[in-house]
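Engineer: Chains as they are written, first to last, in UniProt numbering: chain V, 1 to 596; chain D, 1 to 596.
Heads up, none of these hints are tricks.
Given that identical chains are not distinguished, each listed pair holds provided it fits within a single copy or across any two copies.
Mimicking EDC-like on lysine to aspartate or glutamate, the simulated pairs with C-alpha atoms at most 16 Å apart in a straight line are:
#1 Lys511 x Glu342
#2 Lys461 x Asp387
#3 Lys461 x Glu380
#4 Lys336 x Asp174
#5 Lys331 x Asp174
#6 Lys58 x Glu76
#7 Lys223 x Asp332
It is worth saying that the hints were derived from the structure and are not from the lab.
What follows is the residue order along each chain.
There are 2 protein chains.
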Amino acid sequence: MPQLISSKDMDFLLNTVFNAEELCQLPAYQEHDRTTFDSVLTTAERIATDYFLPHNAKADANEPQFDGERVSTIPEVKTAWQHFADSGLLSARHSYEDGGMQLPALVHSACMAYFTAANPSTAGYPFLTMAAANLINAFGNDEQKSRYLPAMFDGRSAGTMALTEPDVGSSLGDLTTKAIPHEDGSYRIKGQKMYISGGDQDITSNIIHLVIARIQGAPQGVKGISLFLVPKFITNEAGEPIQRNDVQLAGLLHKMGYRGTTSTVLSFGEKDDCHGYLIGEAGRGLSYMFKMMNEARIGVGLGAAVIGYRGYMESLDYARNRPQGRRPDEKDPQSKQINIIEHADVRRMLLAQKSYVEGSLALCMLAARLVDEHEAGGDEDSGRLLDLLTPVVKSFPSFYGPRANDLAIQVLGGAGYTREYPVEQCYRDNRLNPIHEGTHGIQSLDLLGRKLWQENGAGQKLLLKRIQKTMHAAGKHSELVELVGVYQKHINTLMQTTLALGSALQSGKLKEGLANSALYLDMMGKCIIAWLWLDMAEKAISTFASSESKEDTDFMAGKIQAARYFILWELPEVEHQAHLLTSFDRTCLDMQDNWF
Amino acid sequence: MPQLISSKDMDFLLNTVFNAEELCQLPAYQEHDRTTFDSVLTTAERIATDYFLPHNAKADANEPQFDGERVSTIPEVKTAWQHFADSGLLSARHSYEDGGMQLPALVHSACMAYFTAANPSTAGYPFLTMAAANLINAFGNDEQKSRYLPAMFDGRSAGTMALTEPDVGSSLGDLTTKAIPHEDGSYRIKGQKMYISGGDQDITSNIIHLVIARIQGAPQGVKGISLFLVPKFITNEAGEPIQRNDVQLAGLLHKMGYRGTTSTVLSFGEKDDCHGYLIGEAGRGLSYMFKMMNEARIGVGLGAAVIGYRGYMESLDYARNRPQGRRPDEKDPQSKQINIIEHADVRRMLLAQKSYVEGSLALCMLAARLVDEHEAGGDEDSGRLLDLLTPVVKSFPSFYGPRANDLAIQVLGGAGYTREYPVEQCYRDNRLNPIHEGTHGIQSLDLLGRKLWQENGAGQKLLLKRIQKTMHAAGKHSELVELVGVYQKHINTLMQTTLALGSALQSGKLKEGLANSALYLDMMGKCIIAWLWLDMAEKAISTFASSESKEDTDFMAGKIQAARYFILWELPEVEHQAHLLTSFDRTCLDMQDNWF
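Put together the whole structure using the sequences plus the hints.
Structural biologist: Structure representation (structure tokens):
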């Protein structure tokens, strides 16, 4: 069986490209070293392989059931959850005093990569729980933290994020769930939420929902939104569940993939007795949620990258072992068939996958490192760069990860289309990622309408500085000179395009400037991934060029070739996109409803 | 509920773009007129809507089951099959004397479009049966025709196409199934076939398998392959099943989509008593099969186009009725939300779908018309053009139909990812089409390695002549002048690329010339679809510009805008593809197994 993620590649990313050990210079991480990182990573890979992977297909084929009273999931999910909790990973990012291990986000993301690669559905439960716990930790008061966090750290409670309503998806400002102040200082929540992942299950003894709602009398729009903690079971002060709260599962939704994670419709306050507790200040709910959503967006990007990666590893393994056909210049039908990896078109499909998924994983790990630099290192510039990159971190892997999975199926042919092989499930699972935590459309508006221009474009400048540094380093290697030249041309195009769009937006042409934002998001994504490929190729050469191990030089050659592929085959598409953007093409804007 | 296929669009394609009535000038079709065409089309749409559509999701959720003895499918499939058979469509393409209706391929394809749009899985059974019957009719002897065809025409027997083996997929020349001559003049078949759609079922009382196998002692490679008729039940002279033949269902395969069609592993001759009957001459099996496969390839293209079309209609309907969000320049949170079709990015996703699926449907109907011109009209040039186009007819819709379905999901957002809406099934069903009847890789080699150069490039010249005619006509309309100019540039690029590749191949550089063939296939596809868009826009203007009906002028405006979208947004990507092709880029060719 192929690896979930190439261990050589993970080692390269963590230790060479993103130099995890360097983070140990930060006070928060000073008790760590490469040994502790390796050890937690090994544990994660082992638990993922032993307890998450084996039931991935089974959980897909046996979805959670709801009998009108209770949800039931296959027992393997609970076992996997318990192993995850016992490993300490649920609280690993938190401080020693809170019972955590002060693990850098970079290393923690690397750990999480294994779980999602092994089983995206089951990994969804800890992902959501950690995100919810982070939010409570950041904005909850001491009483809330001490009451709810211990159980979320040791696996007794799970967490959810309850934003969407049946009539409110992307436009969160329009939500209608109400919070009615109660004399005891808490609130009574009333409304319905939809597409809530993990909204009910039989894995944990309690579930902590983080719900956004509007306090009675609060203004319309985003400024009237507050954040509430709504437990499935009301707890005593020690956090032990003592009484069922008035939040009911109205039904399960049935998804194309991610079938092992419940997707729920939840009714809050059908009996007017749903207790909710305000987190932080009233009216700031959405800004709190966005903290969680930004982390969730990195998590979605990472998930999309590694589901893509999993399919790549499976299709590579298949291509290496499946004999079929002969070279175009081989005419003898008696000659031995070649393995399909020898066909140029199969290599194209594998190389494209490699460039998408390894590039995407690098991007997500960069984002995680920026979290560390910003949060543990106090580096505001890293925070600014992270802010700019977040829409791309969410969307590039979510777009190209499924493309990689599509190619993985194609490499397997008819076999790839059957559930007897794992790549079709990857394809279905990964299709969720371009949707949740903000669609591409939303991300592209966030990038082009907001992030690019914050603090006078500070993020842009930081990004360009890093890119220039990479180009300079890469330009010193003869293998990369051509690629640096090609890259230079296209990054210039990106800059000119950004300028043109910025002027239009500044002069108030909002509609025209934003109409083709999806193109800009893709263009920016390609330029960033191509930059990371230059960086990876440069670092591979610097590290391995003089190695005497063939494994090392092969690895290096692969990185160079994937950089070639991405920069020569994919990146140049930005020129056409730039043309449409800078000419403010009106084709989509002018299209009329009646014309369809 | 939205229509399966826009009836105005179907009418436009059939009667304006491809002028079905003109075919009635051919002797074979002279008893038809527009009224008979309309009548058969109305019947097809009605049966598709009443008997195929209602169980589409049910058949997907309730796959055929195999208990080790028998297969069972949900009863609705048999009912639908019976209605299809009773309509006369199974034999509609055949002559009056054979009990058919001498219906043109163009009109028949239009009929079939409704069935696949409604329910691809159930439509698979008649598709396969008609293809098998065509083959028997073309190459079988009189005894075979009179014994087997009547039951295939009235629905008592279904047909299959048994090519693939567990170790033999695309490389058919390597097949190992044996045919041993028997003293009674028939053969005994021995071997295993895989991925045989409809290989067993409980819908018809007999199944006629068309099996390729190697007669004992025949040469290796494709020249040793013969075609056999192998019935599930051996029949008497009247074609009635009298005795079980030695062909057994070894198991069912479980697919991502098309779940309602059985996909089977079949064992022939486990007891050394599988009777098979040679069709035509020994050693010519593959060339016969290719006749059927070419029709099957058009059928696959059509299926991919209309599954894409179905998703488009569903997402258009959703976008028109789902309020969410506001315009970028609307700041008042109290203002009414707009329907999502008003967002430029949603329009982009709908316009892209429209351009892919209406373009693909037009291409398939062009292919069907060429079949009529060639077979009923005896026009050899039409046959040459069809030969050239077939790889594109198979692959463009199969590539862009799923892309359309992907966009349809994206338009619906979270809802689109659930099985509560039909678009996710479209996405899964359509993923088969880039694989079966020859992958893109295979099609691209067929196009670039063979079809382009047949008879000194006669097909190319015919295509260019038609394209020039369209450009000339379109250039007369002010609305299209800009598009004709853009098109001219890109078609020139295609011609130059074709020349460069042709020279390389002629000078023996097979490996280099064919390495990036997938790019060429896509490039050619884009140029052909863009041509059809020019043609459709031109004919829409000619027909509707002076209409006083707003419905007509809206329809015309939509065609012009979709042509704009495809030509300005999608077509220009060929420039970059041409650059890679004409520079004989070696990135994929040079990649090594060990470097992955």
